[in-house]
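The whole structure should be built from the sequences, with the hints applied where relevant.
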Amino acid sequence: MAQTMGEIMNPGSVVRDAEFPDAPDDWTREQAVAAAQADAVTLSNDHWDMIKALQDYFARHEKPNVRDLHDALEEAFHGRGGLKYLYGIFPGGPVAQGCRFAGLQAPSGAADKSFGSVQ
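Counted from 1, the sequence shown has number 204 at position 12 by our numbering; the numbering is strictly sequential.
Bear in mind the hints are in silico, worked out from the structure with no lab data behind them.
Note that CB positions come from ideal geometry on N, CA and C, so glycine has one too.
One thing to keep in mind: the hints can contain errors.
[As the list claims (entries may be wrong)] Straight-line C-alpha distance at most 30 Å; calculated DSS-like pairs for lysine-lysine:
(1) 244 with 255
(2) 276 with 255
(3) 276 with 244
[To be verified] Here are the simulated distance ranges between beta carbons:
(4) 276 with 217: 27 to 35 Å
(5) 259 with 226: 27 to 35 Å
(6) 218 with 270: 27 to 35 Å
(7) 254 with 218: 25 to 33 Å
(8) 229 with 263: 24 to 32 Å
(9) 218 with 240: 15 to 23 Å
Structure below.
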């Protein structure tokens, strides 16, 4: 099913990665790997799970805010240690750095030190 106007106007022009159905049209795994390497991060399965979670969240929420996103990530990754764990694997902050790897525009306030992110 078409998800964007580009897919409606040009069917078949966008090839989606089946493992990342909610990824932005212009996003690729290779871009995520390159962004991670630039930040000296080696992507593990947990990083990919976070990237999928961010892309899914952004697909379901038109204008996500940092507080709600933090709450959703805490809940989704509670079994692994929640946000504390995510800050360990995303040294640049799970929202700011995670969004960059996922090809998403981080919500405003994602890189605000007073909110607990890392710059």
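Evaluated hints:
1. 244 with 255: With a Cα-Cα distance of about 18 Å, the restraint between residue 244 and residue 255 holds, given a limit of 30 Å.
2. 276 with 255: 24 Å, holds
3. 276 with 244: OK: residue 276 and residue 244 at ~19 Å, within 30 Å.
4. 276 with 217: 27 to 35 Å: The hint (27 to 35 Å, Cβ to Cβ) holds, given that residue 276 and residue 217 are roughly 33 Å apart.
5. 259 with 226: 27 to 35 Å: 30 Å, holds
6. 218 with 270: 27 to 35 Å: 32 Å, holds
7. 254 with 218: 25 to 33 Å: The hinted range 25 to 33 Å is violated for residue 254 and residue 218, with Cβ atoms some 19 Å apart.
8. 229 with 263: 24 to 32 Å: 30 Å, holds
9. 218 with 240: 15 to 23 Å: 18 Å, holds
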